[in-house]
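With chain A held as given, fit chain B onto it using these hints.
If you read the protein sequences in the order shown, they are chains A and B. Going by my numbering, the first sequence opens with residue 1, and the numbers climb by one from there. Going by my numbering, the second sequence opens with residue 1001, and the numbers climb by one from there.
Misleading hints may appear alongside valid ones.
[To be verified] Calculated from the model, a selection of chain B residues having no Cβ within reach of chain A, i.e. all distances over 10 Å:
(1) R1025
(2) T1026
(3) T1027
(4) P1055
(5) G1058
(6) G1139
(7) R1161
(8) E1201
[Claimed, not checked] Looking from chain B toward chain A, a few residues come up when the C-beta cut is under 10 Å (computed):
(9) E1004
(10) R1013
(11) V1198
(12) A1204
(13) V1222
(14) W1225
(15) E1251
[Stated by the list, open to error] Chain A regions said to be covered by chain B (calculated; three or more residues, Cβ under 8 Å):
(16) 134-145
(17) 242-254
Rather than coming from a laboratory, the hints here were simulated on the basis of the structure. As the structure is a prediction and not an experimental result, all values here were calculated from the model. Glycine included, C-beta positions come from ideal geometry on N, C-alpha and C.
2 protein chains.
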Amino acid sequence: MELEPVTDLPEIRPGDDLAELIATRTTLEPGDVLTVASTVVSKAEGRTADLEEYPVSGRARELASRLEAITGEQKDPRFAQAILDESSELLIEAPFVLAETRFGHIAPNAGIDRSNVPGHDILLLPRKPTESAERIRSGLTERGHEDVAVIVTDTCGRPFRHGQTGVAIGWAGMPASRDWRGELDRDGHELGVTVQSVVDELAAAANLVTGEGAGGVPAVVVRDWAFGDLEGSDELFRAVEDDLVREALREWTFDG
Amino acid sequence: MELEPVTDLPEIRPGDDLAELIATRTTLEPGDVLTVASTVVSKAEGRTADLEEYPVSGRARELASRLEAITGEQKDPRFAQAILDESSELLIEAPFVLAETRFGHIAPNAGIDRSNVPGHDILLLPRKPTESAERIRSGLTERGHEDVAVIVTDTCGRPFRHGQTGVAIGWAGMPASRDWRGELDRDGHELGVTVQSVVDELAAAANLVTGEGAGGVPAVVVRDWAFGDLEGSDELFRAVEDDLVREALREWTFDG
Chain A
1 MELEPVTDLP EIRPGDDLAE LIATRTTLEP GDVLTVASTV VSKAEGRTAD LEEYPVSGRA
61 RELASRLEAI TGEQKDPRFA QAILDESSEL LIEAPFVLAE TRFGHIAPNA GIDRSNVPGH
121 DILLLPRKPT ESAERIRSGL TERGHEDVAV IVTDTCGRPF RHGQTGVAIG WAGMPASRDW
181 RGELDRDGHE LGVTVQSVVD ELAAAANLVT GEGAGGVPAV VVRDWAFGDL EGSDELFRAV
241 EDDLVREALR EWTFDG
Chain B
1001 MELEPVTDLP EIRPGDDLAE LIATRTTLEP GDVLTVASTV VSKAEGRTAD LEEYPVSGRA
1061 RELASRLEAI TGEQKDPRFA QAILDESSEL LIEAPFVLAE TRFGHIAPNA GIDRSNVPGH
1121 DILLLPRKPT ESAERIRSGL TERGHEDVAV IVTDTCGRPF RHGQTGVAIG WAGMPASRDW
1181 RGELDRDGHE LGVTVQSVVD ELAAAANLVT GEGAGGVPAV VVRDWAFGDL EGSDELFRAV
1241 EDDLVREALR EWTFDG
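Okay, chain A solo, but in the shape it has when bound (with noise of 0.2 Å):
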């Protein structure tokens, strides 16, 4: 398995056509996956706005007002009500929001990015990224690139483990997951729970290669990797009814 970083990508503007840009820059093959971090692809979709659009709710004046006084910082009522647009579900109020977007990831603040916008305050995640990256998809086939895979990636921290890994919040041309449920070991025992979130470690794997800030690379293609012949499926995101963590944070309040 190889990666090899996009390089030389301009600053992405509203309505850039990310496949095109790519594909112009980069050598992409059959069965290749193409990961996209989702800062650019908000970036080409608009997805960047500012704190004065938000009219502020009472919702989100309690909101601001409550992390204020636990985190002892100031906490801008106009950004609590971008978060709460963002999201369906609020897991953790304070003294971080910890949130799940309209498409099923929970981040904190909604995945909503403060540094990385150029002339806006803010940039929201994609609104369906898993659209996004079949539209990524459908231009590459549009420019003869038949058959790769497409990712479009986020960095987010996680409960129990220190620091941020890449992760997938959207995907096209490949299932979210492998399922070796049912596979034999070399001793011929059946496996344990083995369902393998390959787009999550796909994402992941990019991410060692993109790098933050400045000299960020936001693609990456990954070659010489083939999801095999196992069943795949495309839940990523757990079930409510699958969740006990969550089902454990709604039942919880932070009291400092």
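For chain B alone, coordinates are given in the frame of chain A:
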């Protein structure tokens, strides 16, 4: 960045010298990262066990009964005892056991494996995987393979997201994470929180080329990847006081 599986490793037995077995089957250059699956590290360290070795305490009997009552499946109290022996804390007791191992990793059943154990009932995780990684690294150095970082990996599920991914449980010769805080984005703004868990990303990447089961390849060499000159840290498992999800789980009980 390039990942190459180490093929043709034999079935590993207690006392086997992994550094020797791996070094004779691949090329290792300074700066390479070698990932090794915890299953083979455990086997080399003799971490197989049989359930009859576990005299059952009242606590294990209670845990097994509760699991039986909730899942409707038979649960061996000796297996519950093995989990308790390997754990410093149970975060979830039912409908499945989520435990913190004595070295800080949080995993279902404390990471105890019931497949892949020829001739025995269970396979425990290495007792101190970072020491295991250091031993393999020293073994490589002794054989003239200087400056190869080593990561001991596990595959593990996670809250919020479906499926499992490769994660690091021990590492040597590199920091666990890379600290981008204070770095600037293209627009000159400081980045948000960005501590990148590179050992987990490397473990996830490696898991894409190892596979599970009979065809599984337990070791992978990562080439042409550099940590870079950012600050690093050796935190991987969240400190208790920095883990709200753990706090929520401590206060929560499954009630069907």
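Structure-based check of each hint:
1. Listed as a non-interface residue, B/R1025 keeps its Cβ farther than 10 Å from every Cβ of chain A; the least gap is roughly 17 Å.
2. Every CB of chain A lies more than 10 Å from the CB of B/T1026, the least distance being 15 Å, so the non-interface label holds.
3. Against the 10 Å criterion, B/T1027 stays outside the reach of chain A, whose nearest CB is about 16 Å from its own CB.
4. Every beta carbon of chain A lies more than 10 Å from that of B/P1055, the smallest distance being close to 25 Å; the non-interface claim holds.
5. Against the 10 Å criterion, B/G1058 stays outside the reach of chain A, whose nearest CB is about 25 Å from its own CB.
6. Separation of B/G1139 from chain A is adequate, the least Cβ-Cβ distance of about 24 Å exceeding the 10 Å criterion.
7. Consistency note on B/R1161: stated as away from chain A, yet its beta-carbon is not over 10 Å from all of that chain's, at 6 Å minimum.
8. Non-interface status of B/E1201 relative to chain A is broken: a Cβ of that chain comes within 10 Å, the nearest being about 4 Å off.
9. A least Cβ separation of about 8 Å between B/E1004 and chain A falls short of the 10 Å threshold, and the interface hint therefore holds.
10. The beta carbon of B/R1013 comes no nearer than 13 Å to any beta carbon in chain A, farther than 10 Å, and the hint placing it at the interface is violated.
11. With its C-beta approaching chain A no nearer than about 7 Å, B/V1198 sits inside the 10 Å limit, and its interface hint holds.
12. Taking 10 Å as the C-beta cut-off, the interface hint given for B/A1204 holds, the closest approach to chain A being about 4 Å.
13. Below 10 Å, beta-carbon pairs count as interface contacts, and B/V1222 has one with chain A at about 9 Å; its hint therefore holds.
14. Annotation: interface hint on B/W1225 holds; nearest CB of chain A at approximately 6 Å, less than 10 Å.
15. Annotation: interface hint on B/E1251 holds; nearest CB of chain A at approximately 6 Å, less than 10 Å.
16. A stretch counts as covered by a chain when three or more of its residues have a beta carbon under 8 Å from one of that chain; for the segment 134-145 of chain A and chain B the count is 0, and the coverage is violated.
17. With a threshold of 8 Å between beta carbons, the proposed coverage of the segment 242-254 of chain A by chain B holds, since 11 of its residues qualify and at least three are required.
The structure fails to meet hints 7, 8, 10, 16 from the earlier list, while all remaining hints are met.
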